[in-house]
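Generate coordinates for the entire structure from the input sequences, incorporating the hints supplied.
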Amino acid sequence: MNGLLIAITLLLITGGQLLQKIAADKASHVSAQRGLVAGLVRQPEAWWAALCLGAGMCFWLAVLYRMEVSQAYPYLGLGYVLVLLASRFWLGEHVSRGRWFGVVLIVFGIGVLSLG
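Residue numbers for the sequence shown follow this note's numbering, so the first one is 1 and each next one is one higher.
Be aware that one or more of the hints could be misleading.
As the list claims (entries may be wrong) - Quick list of the computed label-pair ranges, beta carbon to beta carbon: (1) Arg42 <-> Met67: 35 to 45 Å; (2) Met67 <-> Gly35: 35 to 45 Å; (3) Arg66 <-> Arg42: 36 to 46 Å; (4) His29 <-> Gly98: 27 to 37 Å; (5) Ala50 <-> Tyr73: 14 to 24 Å; (6) Phe89 <-> His29: 15 to 25 Å; (7) Trp90 <-> Gly54: 14 to 24 Å.
It is worth saying that the hints were derived from the structure and are not from the lab. Note that this is a predicted model, so its numbers are computed, not measured. Ideal placement from N, C-alpha and C gives every residue a C-beta, glycine not left out.
Encoded structure:
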């Protein structure tokens, strides 16, 4: 059950991050005329991002209710991995070798932490 709650949390947080990026890109086209905040408020992706991040927080609280924070928190590092993968393959962003190496280190570190 804990693994499922962590997975849902990570997916919601990752989705929220991607939606924030999409909203910011769209708002940047209108921000010169109206201002950045006004441009963001008009983007449905910004509202969906807030919903995803809020729901992710609720699921994270459910995780913390069931697990010690020192045991659960390292899994949030997988959020970096998911955001990098999603930004590369869905948003078409360039990912340098250094960032890929960082992802390998994160996954390795989470694996070590999960052992004990």
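Status of the hints after comparison with the structure:
Distance hint check for arginine 42 and methionine 67: the Cβ-Cβ separation is about 39 Å, which falls inside the suggested range of 35 to 45 Å. Between methionine 67 and glycine 35 the beta carbons are some 42 Å apart, a value that agrees with the proposed interval 35 to 45 Å. Our hint of 36 to 46 Å for arginine 66 and arginine 42 holds, since their Cβ atoms are close to 39 Å apart. Taking 27 to 37 Å as the suggested C-beta distance range, the pair histidine 29 and glycine 98 conforms, at roughly 30 Å.
One distance hint, 14 to 24 Å for the beta-carbon pair alanine 50 and tyrosine 73, holds here, with the actual separation near 23 Å. For the pair phenylalanine 89 and histidine 29, the supplied restraint of 15 to 25 Å holds, since their beta-carbon distance comes to about 24 Å. Distance hint check for tryptophan 90 and glycine 54: the Cβ-Cβ separation is about 22 Å, which falls inside the suggested range of 14 to 24 Å.
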